[in-house]
Every structure is written in C-alpha cells, then in structure tokens.
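Hey, can you work out the whole structure from these sequences and the hints?
What follows is each chain in one-letter form.
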Amino acid sequence: MKNPTVNLRDLVILVADPNAYARRITNGILRGFGANKVLEVEQTLSLFQVLSGQKIDILLCDTRLPPHGGLMLTRTIRRNSNNENRTIPILLMSSDTGESTIKNARDAGANIVVAKPMSPKSLYDRLAWIAFNPRPFIDTATYFGPDRRFKIEGYPGGVGRRKGDKQVEVAEEVGPGLAQDDIDNLFSAARKGQPDA
Amino acid sequence: MPNDAKHEVTVFYADNRFERMARRQGGVAREQALENAQAHIEELKSDFAEWLNQEMQELRNALSQLEGHPGDMPYLDRAYQSCAHLHDVGATMGFELVTFVANNLCEILDAMKIGAPYDKDAIDCHVDALMLAKTEPYRHVSPDQVPEMTSGLRRVGELVSIVPADDNK
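So the protein sequences, as listed, match chains A and B.
The first sequence begins at 1 in our numbering and counts up by one.
The second sequence begins at 198 in our numbering and counts up by one.
Honestly, the hints are just simulated from the structure, not real lab data.
Glycine is no exception: its CB is placed at the ideal position from the N, C-alpha and C atoms.
Over 10 Å on every C-beta distance to chain A, these chain B residues come out as not near it, computed from the model: (1) Met253; (2) Ser261; (3) Glu264; (4) Pro344; (5) Met346.
Taking beta-carbon pairs under 8 Å as the criterion, some of the chain B residues facing chain A (in silico): (6) Gly223; (7) Gly224; (8) Ala230; (9) Leu231; (10) Ala281; (11) Val286; (12) Gly287.
With a Cα cut of at most 25 Å, we get these calculated BS3-like pairs of lysine-lysine: (13) A:Lys37 x A:Lys121; (14) A:Lys121 x B:Lys242; (15) A:Lys103 x A:Lys121; (16) A:Lys103 x B:Lys310; (17) B:Lys242 x A:Lys37.
Encoded structure:
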C-alpha cells in the first residue's frame, strides 16, 4: 500500500515529553492528522498515573523523559506482566540518534524511533508503518516486545537516500548521529535473519 | 521478568487497538493530514520567537552556572537539557540553523559529561552562533547555506570534545 491513510480519531494518544513546547508541537501535528484524544505528560510519574487510570492506544515518548529516560520507561512497561498497557505501541522520539541509542531503543521494546526535530511527514509515516505492519510480540527470558526480526518493505511515503555519517566523533562511544533512514534500517536490522546485520 | 534459563520463548499477536482503529476507513488522507499538521505548526509560530528568547535565556543562565561549577553533572545536565530543547523544536519551526548549533553544543556538553575539559570559548562561540541564528536574516537559513560557520563550529566541537586518556586505568 503506497500511501495508506491513518485514522487517529478516538484513539487515545499519550505524548510524554519534558519539553512543553515540543509537546505542543507534537499535539498540534497529531490533531492535524485527525487525532482528538491527545494526552500530555512531562515526566514518568505522571505517565504512570495516566497509564494506571486508563487504557492508552499508543505512547509517543521522548528518550530523555525524566527521571530515568524513555528507554528505561519502555523496558519497565514491557517487562511488567501485570500492566495491561504492556503491548501498546511505543514510538520513541529521540534527538540522540547515535547508533547505540537506537539499538538500545529497539532492544528495550520500542516499536520504532523517530528522530527529533520531527517533521509531520516523518511522524505520519511511522504511525502508518506501525498501523499497517503488525508484528508479533516475543516473550523470552531477556526480552519482551515487538519482534525485532522484521523487514521494512518501504514506508508509505517512501524512504529517501541514506545520508553519509557525520565526520565528528565525540568522545569514546557516542559515534555519529544517524539519519532517520539509518534509524529505520537499524529497526529492520534482522531483515536477513541476523540480529544486527 | 524472571531470569529463568528455562523461560520458554512465546510468540504471539497482541490485540492491538491502535492497529485496528488506525486502519479504519474515514481517516484524514495523508497529504491533507500533512497539510493540516503544517497549519497547526504555523499557528504555533506566532509565539515561537518569545519561547525561543526565554529558552535562550534559560540556556545562558544554565551555562553561566556551569562556568562556576565546570564538570558538575547537575549543571551540565541542566545546560544540556536546555540546549536539547532548542535542538528539538528549532528545525520543526523552520529554524534549521538553531537546531544545527544547538546539536553541536549538545555534543560538546555530552563530551564534558564523560570527561572532556570545560572550554568557555567553545561554549561562548556557540551561544553567539545561537544568538545569530535566531535573528531575522538567519532564521530561515539552512546550515548548508553558511558552510564557513557550520564547518567552523564542527571543528570547534571536534577539538574540545576530546576526552583525555585516564592514566589511572
């Protein structure tokens, strides 16, 4: 399906971001997409209060959500077998697009990562991808989350060329930031059946 | 999650309301949705300049405190957070250069977190660049259009982000 339409009406969308202005932007973008039930929280405690009080259909969470960050939060949601929101789609928003962060997000159980700053297009296409490419959940001793072995046939709006990595290397591990295409490819790393191919 | 070597691997499809509902007929078509979203962003632009000024002030305050406590993690975190806020929304609101400079400064602060020495000149030149990037002549300029500035800032970032080897290891 080339450009599927995503119907967000009546879906409960939770936006978790410490940056109030970024929350407004994300909220505005989602409402432009047709969403009419967008909730916002600025930190993890508020997020769990919301999750304990109602069913959420999708979580959009910043990787820097205080106090422990979106990766830890994702892991916590996925690993709590008593949590009825355990299998909700989790879309992580990250300004840190280093390869290790993206791999950690995938291994924490995130469905996908969208790079900040976001554009409406990048968000829409990834929401569409989550909706139209259902993945089974895997429950093992060390991982609970969407199957990490999957193949991206192409995003609804098409995926552009891969940009070259930046030349700047900061400190020992951080490495270059990844372009959104590279992030997407890391989520499809096992397209040939290899965990980090 | 139990740390049990005998934990069986289970593969299942969870009932996912998002997938079911999002695939219903009647949604806003993609092109229209993108147009609507952009319209919402345009509405927000009316107070973006004010937010940008406030966030810049917050960043300057945080960096000023950091100057008095170089290497202290809470001050580094506060400065990083403020800088990341600028990075995260700049380009979405059409201020690509703000995002570029903020990203570069975030990388420098990141390096300081893991041991790179505090460098006031490097920070000051990024703050100056941010002040410039938010002015009218530069706010709609992309990094590609000012290669001298961007390559210079990248070079500064490279030079000050070197973490000295730990001789005790």
